[in-house]
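Q: Based on these hints, arrange chain S on the given structure of chain G.
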Amino acid sequence: MRHVIDKRVPATPVPVIRIRRLTKSYGHGDATVHALRGPDDPETGAPQGVSLDIEQGDFVAVMGSSGSGKSTLMNILGCLDVPTSGRYLLDGVDVGHLDEQQLSLVRNRKIGFVFQSFNLIPRTTALAQVELPLAYAGVRAAERRRRALAALSLVGLGERSGHKPNQLSGGQQQRVAVARALVTAPAMLLADEPTGNLDSRSTEEVLALIDGLNATGRTVVLITHEDEVARHAKRVLRLVDGQIVSDVRQAPVEGPPPALRDLGVPA
Amino acid sequence: MILWQTLRFAVGGLAANKVRSALTMLGVLIGVASVILLLAVGNGSSVAVKDSITSLGTNSLTVSSGSAAGGARAASSVKKLTVADAKALANDADPAAIKSVAPVVTTTGTALYGNISYSPGSIVGTYPAYFETSNQKVAKGEYFTNDDVLGSRKVAVLGATTAKQLFDAEDPVGKQIVLGGTPFTVVGVLQAKGGSGFTDPDDVVIAPLPTVQNAFTGFGTVNQILVQAASADSTTAAQSEITRVLLASHAIADPSKADFRITNQASLLTARESTTKTFTVLLGAVAAISLLVGGIGITNIMLVTVTERTREIGIRKALGAPRAVILGQFLTESTLLSVIGAGLGVAAGMVGSHFSIVGIKPVVIPESVLGAFGIAVAIGLFFGSYPANRAASLRPIDALRHE
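Protein chains in written order, with the numbering used here: chain G, 1 to 267; chain S, 1 to 403.
Rather than coming from a laboratory, the hints here were simulated on the basis of the structure. Where a beta carbon is used, it is the ideal one built from N, C-alpha and C, also for glycine. Check the hints yourself; a few may be wrong.
[To be verified] Okay, the calculated beta carbon distance ranges per label pair:
no.: 1; chain 1: S; residue 1: 403; chain 2: G; residue 2: 43; range: 40 to 48 Å
no.: 2; chain 1: S; residue 1: 395; chain 2: G; residue 2: 93; range: 16 to 24 Å
no.: 3; chain 1: G; residue 1: 204; chain 2: S; residue 2: 300; range: 44 to 52 Å
no.: 4; chain 1: S; residue 1: 395; chain 2: G; residue 2: 159; range: 34 to 42 Å
Next up, chain G with everything else stripped away, as it sits in the complex:
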């Protein structure tokens, strides 16, 4: 049986994410707020923008207090928002040149979202939720169902495929969201404070899932403000006032994420 998770690694590793001099500002004139600014130009004082590469298979935690620009970064990485200036290459494709139609394709094929507030569609069964991105991708019904069920059993919810969001606990809802994010085998999993609304037990369950996904080669970008959560990442970025102030590698890109390595899982 084919597994839902794509284990292929490209021969020449192109960075999944490459951003160059990216800025995002809101408002005009004196009221301009730079959500992403990067270091200031030493001569003019103008923001130079954020530059960042994320390798295939990496597990990056983006940390920062609220207002630090981490959600803005996440929205731009997820092609939900467009930067004010700078370039963004996702899987080698310059996203800035894509129209609305192509962007929806990119979101569908390359990115899997996990949100803090789960963002499941109301009155829809777990199975239908997970099938949805496949439906938008034009996958046939039988294939869709098979892959959705496989994704649900991967997150341990195979038995609850017929449940609607209001019949599931918070942890279960987030696991449905994870299944939905990974079912299309995207290049990157984007998680915006995925454990922010969960109790400690559910937090562990969801993080273990994400660890497992990363261990099988999926690139993960996770936004959080909790050190506990950031400990699971291989690389930790800290944002303050729209700038990356620290970039710490906790584990090599190749190999399992730190949490699994500590458990003695072989590379």
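A: Just chain S now, with coordinates in the frame of chain G:
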């Protein structure tokens, strides 16, 4: 696949707000039902008018005295119509155009049977040809004959209403009634024609012309001469024949100074038809407005739905839903509202048209059913497209942030 999925989501969306969806559908339902019903009422009244006019006989022409130009001429110079005129028509006119001629006198009086006294709408004295020309059929007994006319026999044929008033359940044929002091023997009862308007065509007593002249009006003029054209197509030919013969017998050279009027049922029919057409158009316009209001109701509710589900739209976009899918989903929802509403409206209109409304039996126009349904569905698409478009063009980040 996507289509089925879209339909399922649309049904789910409508089912999530049952009362709201039902009320919106009710708007469309009322619109469609009123279009069908009001047009059916208009059509029904037009059919009723047509029927009542054809029941008078479409190939009959009525000649009455008086100038065609109205009261412009002095009354003294108007020569009244007489039995001689009728005879002239019967003898001189081209038989290819005119089939029969019946002079008519009309009067009123009181009829007595036993101790029952009743005043029929009119007492008509005429020739037997009158029955065929005015499309009167006998239900019981028989018509009086030419012999009865020649012999001035005191016989009468009763209209259905008069017969009912005087005799109730009794069989009138062979009974004696007293009309204006003269005893008449009832020889027949006419079939009911059914009335439209204020005068009841069944409230009548018909007797031989000389008998009525003798008892009531005297042997002078007649009120009308009823002429039957050879066929419905030859009414124009008949009309010119009548004009020719009467101008000659009245010794009038200039046709514009004719002292008689000819009316035919066909022209009456056209006049009445155009009236009912106006009536139908007016009713249709009122109904169309209510259909439009139903359509605006759809827009309104779809706008609410889009606002309410902005976040859901954001999620779908984040999952990669293309613009067309979002557009399709909301359009499907609004179209579903209008299709179900219109379907129920057609049903309601059909059921409603089985009841008679203010005395008019509605006659459903099949085109109006298809038209109303089609327009309602188009309205759903048209009025749903604005909210759907709004949903589809939302930026994903704005939609996701929506609370």
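Q: Identify every previously stated hint that the structure contradicts and give their numbers, smallest first.
A: When the structure is compared with the hints, none of them turns out to be violated.
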